[in-house]
Each structure stands twice: as structure tokens, then as C-alpha cells.
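Since the structure of chain A is provided, determine the placement of chain B on it from the hints.
Taken in order, these protein sequences are the chains called A and B.
Residues in the first sequence are numbered consecutively from 283, following the numbering used here.
Residues in the second sequence are numbered consecutively from 364, following the numbering used here.
Read the hints as simulated data drawn from the structure, not as lab findings.
Be aware that one or more of the hints could be misleading.
[Claimed, not checked] Ranges of calculated distance between the beta carbons of each label pair, as one might list FRET restraints:
1. A:326 to B:406: 32 to 42 Å
2. A:329 to B:542: 29 to 39 Å
3. A:314 to B:572: 23 to 33 Å
4. B:496 to A:443: 48 to 58 Å
5. A:346 to B:587: 25 to 35 Å
6. B:587 to A:372: 43 to 53 Å
7. A:409 to B:522: 50 to 60 Å
8. A:439 to B:496: 46 to 56 Å
Here a beta-carbon is modelled for each residue, glycine too, at the ideal position from N, C-alpha and C.
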Amino acid sequence: MGLSRGDVERLIERVARRDRGAFLALYDATGAKLHGVCLRVLKDPAEAEDALQDAFVKVWRHADRYRANGLSPMTWLIAVARNSAIDRLRGRRAGAGGGDAALAQLSDPAPGPEALAVAASQAREIARCLEELPDTRAQAVRGAYLDGQSYRDLARRFGVPLNTMRTWLRRSLVKLRECLEG
Amino acid sequence: MSEVSDGPGRDEEAIVTAAEYALNLLPPDEREAARRRAEVDGRFRRLVAEWTEDFARLADEVEPVAPPPRLRKALGRFARQEARRGRGPRARRRGAAVLGWLAGGIAAAASALVILSVALPVVAPPYSGPLYEAELTSETSETRVTARFDPRDGVLALDRGQLSAPPGRALQLWLLPEGADAPVSLGLLPEATQIRLQLPQDLGAEVPGGLLEISEEPPGGSPTGGPTGAVLAVGEVEES
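Excised from the complex, chain A in its bound form (with noise of 0.2 Å):
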């Protein structure tokens, strides 16, 4: 990569302005992790190649909306690969429906203090607190975010009811946000 923060919000604008070079150039520089971002969750070349395309697509469809949502950059063009992953792994159409979390944000234009509010969180560590919890409920976060498994997955990997999955990991969610907020 070796882009900052910076460089990549200004390839985003360029991309909002149709320039197809710096679209290029983004994709140059983030196109390998987003890739490994989509392998990992569909475990397949073939498919992990189509959810990247998507991915791009997309970024290019709705760069124009990216400051509006709050995100670092990075953080929007993972979770636009990562969806386009998800939608993928569960066989939904690609750009189907409203149900991509990342795009969905940025349907509202106003940026609001929310925006700065999530800059400043960015130095928490996930991975730390992750360690707080127990191994298993540990994994579970892991597997819902990197490899896209749903309460389904996750019920039949741990062994147990889907309700009771639910409510482990969500009582997991409770307990990890102490841990970001603390």
C-alpha cells in the first residue's frame, strides 16, 4: 500500500469526480488487501475475484457519498469489500436490495459530529479486548467478521441452538464495547 490516510481520501474524491486514473491508482493500492479481504470470506479465487469487482463497482458508484459517512477510508473500502463478500457467501445478488451496511450509512448527507467522533476512536483496540473474553466468544466475533459466518454458521460450528448463539454473542457485543469505551 504504503498510501496514508490522506492520499487515500483524496483517490476517493478524484474517484468521485470520474477520474479514472486515480480509480486505478486506489484500486493499485488497495485492490491486494481488499482481495484477501474477500478471500477470506468466500475461501474461493473465483468468487473472491467477482466480490472484489463488485467492490470496485461499487466504490466507484458511490465515492461521491463517502465523506458523508463518517469512516476512515480504509475502513469504508474493507467494509464495501467485505459486503460484497457476504452478499456473495449467502447467494444473494450483488448490489441487491439495501442491505450493504457501508453503503447504507452513506445515505445520509450530512456528515455530523459523528464523523469526528470515530476518528478519535480509531486508536481502541479491537484486538485486545477481544482477549477479555472467552476463547470461544472470542472466535465467534472472528468468525462473524472475517470469514462472514452467520448465527446459522456459528450455531452449527459451536454446537449449539441458533437462539443460544445469539444471545452468547450478542451478550459478547455488550461486553467487548465496555472494554472499547473503558
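Only chain B this time, still in chain A's reference frame:
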């Protein structure tokens, strides 16, 4: 005595739902509800953003993997096509799309008289230069027209597949050369499915990298020199 206020409980609910939304764990109906909530509820939206930011750090441990080079090529093509659409009026929906071309189109069309003919078979000398092709498609239908261009003889061969003119209308082919603002008419399409157009040399030179478009027009062709009807198919000419 059992419940304290419902304040903290609701808070916890918002925190957890925001996390589930950021993780993409919610079933479709709850997901849609959360999406709408994020639109109207600033605090919820902030929670989602915070979670998204926090979770994204887990991706630090994901190793980058170079994607295959063809993807970069495909995205470059995609962006070029989109950027061109954005520059002209085609950024908007198709129907109204062609209006803005009228201004620049007239002069261009005057120089673009093209003779439709059946090209004679050519005994080609050994040739190692590029050949070109395009696939013209529509955003709204299954239309697929293929085109091949051979710069040696200046013949553009089209297979229009299932595409036919609406009743009482004609199909007109246009070329938007790379970097140009207005399309140039390549002529009306004859009835046949397989069509060969002999392009004059100066026009042939503009084909590589250009955009081919088919619009529906009055029977004698566009009266203005630019497309006036709906653009039914469009595609970029690339090296084959």
C-alpha cells in the same frame, strides 16, 4: 423493583443491534429495519460507524493477496466507459440521454457519409497488427450485438443478433471516438442480421478505443446529425 429504568436496557439494545448490523449478522427483515433506523437515528448511526471502525481493525491480520491482472483491466475498462457516460448527457437515464449530442453532432455527421456495402474478400498479406471487437449491450434488455473491426480493410462486421428496429423506425449506428464529445454516424443498419460496413480510412482510424452505439431513428435516419431516439445498445471497441 425488578427493572431499573429502561434507559440502559435500550442503550444496550442499540449497541448490540448496531454491532450485528455492522457485522452483517442480521436476518434480512431486521437488517432492513436497522438500515432505516440508521437513516433517522444519529446515535444509532454513530454506533454503527464506531463498530465498523473497530471491527475493521480485525482485517489488519488479513494478508494482502494480489488479484489477477485481468481484474485491473476489466475495472479500467469499466471506468473508462462510465467516465465517458458521465462527461456527456448519458450520465442521466437512457431515454433523454442523446439530446446533448445534438449540438456537436451535425458537423461531424456531415463528414461521415458511409457507404454500406458487401466487402470483397481480401487476400490478406501476413498481418500481425491488432484486430478489434466490441460487444454492444443494453442496461435494460438482453440485447447483444457483436462487432469486429479489421483495420487492414476498414471493414466493420456486425452481428446484430435479436436486435430489431421498433415498428416504423430504423436503426442507426454511431461511433463516439475516444476523447470526442459528439458521435459520428456510421449509417443506417440494413435488415440483415450479419452486416458489413466499409468505413472510409479516416473514420476507420477512429474506431479503436471508440464507443459504438445503436439508436432507433426515423426511417431516413436521424434528421439532426446526432442520435435523436433511444440508444438501444452501446459498447466499447477493444483490441481482440
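Okay, the hints, checked on the actual structure:
1. A:326 to B:406: 32 to 42 Å: Cβ of residue 326 (chain A) to Cβ of residue 406 (chain B): about 38 Å, so the range 32 to 42 Å holds.
2. A:329 to B:542: 29 to 39 Å: holds, 37 Å
3. A:314 to B:572: 23 to 33 Å: holds, 28 Å
4. B:496 to A:443: 48 to 58 Å: holds, 56 Å
5. A:346 to B:587: 25 to 35 Å: holds, 32 Å
6. B:587 to A:372: 43 to 53 Å: holds, 49 Å
7. A:409 to B:522: 50 to 60 Å: Holds - the Cβ-Cβ distance for residue 409 (chain A) and residue 522 (chain B), about 57 Å, lies within 50 to 60 Å.
8. A:439 to B:496: 46 to 56 Å: This hint holds: roughly 48 Å between Cβ atoms.
Checked against the numbered hints above, the structure breaks none of them.
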